[in-house]
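Line by line, the protein sequences give chains D and G. Residues in the first sequence are numbered consecutively from 0, following numbering that gives the first Met the number 0. Residues in the second sequence are numbered consecutively from 0, following numbering that gives the first Met the number 0.
Hints listed in this document are in silico derivations from the structure and should not be mistaken for laboratory results. A few of these clues could be false.
With a cut-off of at most 30 Å between alpha-carbon atoms, the simulated BS3-like pairs for lysine-lysine come out as follows [what the hints assert, rightly or not]:
(1) K327(D) to K62(G)
(2) K62(G) to K355(D)
(3) K62(G) to K300(D)
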Amino acid sequence: MIPLRPLSPSLARASRRLFSGAACALALLLVGSSSGLAQHGQIPELLRQVEGGVALAVPVDDVTVLQAPEPDLRRVYVYDTAAFDVVTKIYGIDGSTGRVLGQIDTGLLTNIVLWDSGRKIYLAETWFKRFSQGPQDDFIRCQDPRTFSTTCDFDIPEGRFLVMTMPQMTDVTTDGRYLLYFQFAPEPGVGIVDLQQQRHLKTVPVPDCYLVFPSGPRSFFMLCREGSLLSVSFDERGEATMRHTPILRPAEKHFFDTPAFSRKAGKVFFLTYDGDVFPVDLVGTEARFGKPFALFSDAEKKEGWAPGGWLPAAWHRTSNRLYVLVDKRAPWTHAYPSGWVYVYDTTTGARVQTIKLEHPATSIAVSQDPEPLLYGLQAHGGTLEIYDARTGAFRQRVTELGREPYIVLTPEEG
Amino acid sequence: MLGRSKFDQLFEALTRKIASRSSRRSFIGRVGLASIGATLAPLLPLDRRGGKAAQAAGLEGWKPQTRDPAACDYWRHCSLDGYLCLCSGGGLTSCPPGTALSPSSWVASCFNPEDGQSYLIAYRDCCGKNIARRCGCFNTVGELPIYRPEFSNDIIWCFGAENEAMTYHCTISPVIGRAA
Chain D
0 MIPLRPLSPS LARASRRLFS GAACALALLL VGSSSGLAQH GQIPELLRQV
50 EGGVALAVPV DDVTVLQAPE PDLRRVYVYD TAAFDVVTKI YGIDGSTGRV
100 LGQIDTGLLT NIVLWDSGRK IYLAETWFKR FSQGPQDDFI RCQDPRTFST
150 TCDFDIPEGR FLVMTMPQMT DVTTDGRYLL YFQFAPEPGV GIVDLQQQRH
200 LKTVPVPDCY LVFPSGPRSF FMLCREGSLL SVSFDERGEA TMRHTPILRP
250 AEKHFFDTPA FSRKAGKVFF LTYDGDVFPV DLVGTEARFG KPFALFSDAE
300 KKEGWAPGGW LPAAWHRTSN RLYVLVDKRA PWTHAYPSGW VYVYDTTTGA
350 RVQTIKLEHP ATSIAVSQDP EPLLYGLQAH GGTLEIYDAR TGAFRQRVTE
400 LGREPYIVLT PEEG
Chain G
0 MLGRSKFDQL FEALTRKIAS RSSRRSFIGR VGLASIGATL APLLPLDRRG
50 GKAAQAAGLE GWKPQTRDPA ACDYWRHCSL DGYLCLCSGG GLTSCPPGTA
100 LSPSSWVASC FNPEDGQSYL IAYRDCCGKN IARRCGCFNT VGELPIYRPE
150 FSNDIIWCFG AENEAMTYHC TISPVIGRAA
């Protein structure tokens, strides 16, 4: 420690001038040298000499850049699509504490894929040469969940479907080798990206089918206009074979674009606007349709009870619990927030729990740990509310999450 | 819940039949729906709501008015999920300066309470600038899932816009015909 000493007023004024000059010199040195003048916690020699120790009357803080902890299954990501803004952001949050851990900057209507228990983050992104104008550029980036920095960045052909982010427009195969993304125009297709070699392999033309549900290392399913699923498999060159399943969706019903899907379990729960659930097991190239069940009694349906929101359903794999956003609503309000989460045992279809939310939520997710958390996201308030999924007890609120966050995502184990 | 009419069911059956026979080239034609709107119009669904109501962002349902086109509950905006060009230098049927009018569109059938008729609206996006973020509306009357893209308002409908401008700015609500 350098000893402190009192200064006369004139000396103090001179010292302030000197300090100002020294600060400028220091700033210049910091800019001009990368050799480490400002090592953490060290006092630059220049400052010692000019100030004669006076500056040390104020404690000097250690400054650094933090890393987030290793992600666990309670890590949750909130994506603020900001409507269709070209500049958007993703917040990484520790679900256990509600602490925002970091931010990822991204572009227009990004799709986020979490892999390897959340240890890998893939982004399918779109940007333009001059802000919102000029040639479109589509690309894939990898993000590190601890440093929130980019670890890979490579180009893909332009053609990502620019639609309000639907998680199943992009996903990875069950071995994590290939990323699959949907293309809408000039013709429907699925882009296959080799993540190991970091290159676009091929875009496979598909019939009038949408969304992507990986079902194996080289296979996936899609949902088609006429109500069937499309089973697609491909080889290492991207050559695909495909066939339709029998009709799953009854003509008089419509499925939400955002079903609950577990890549790990190979299960998807399609939800209809009027409150029925169509479970399907997807294994390799085979789809097994489960027994549909109703979320509501006929009397409840007459009262107007129906599901609704942007991400209205989430499934907890080990407990077979399906969490669904519901409310009493008029027809054609299926995308509006809901005030309740009803919970169903997917082995029986029975309702086992009802949770009244603190505030209506637009989207929900559930963590996949044994003591799961329920996340309720308010798009038009920029707020994430966290509940104990087993009891429905409110835990905490995370505010100021952008302008219109619609997407809340949690990782699966493995 | 959807209260589907027999006409709707007929339309659904027809589109399923068409879809099963569609080639990729004919799909491209469907993307540019506005250009074939006149042909398609007689096949589009009737107004399912029959004048039933709702607020722009409430669970109580759609309640259209006919006086203020700059308000979200103006009758033509029944399936407009975006920003009104009227509030950002454009009009009810015209794009703001410097934007590119997209030739493609999504379609809805909106009820006009003033004359008791339903009209087909082919919403057109004005493209090539970042979102206007003025007069944001969130209306979903008649909105169907993405496997029926011609009725989906979640898509950036800028396909075919000048200079391949694929950024969304705002939306206009032109009438293309009577629904019934």
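Unsatisfied constraints (hint numbers, rising)
none
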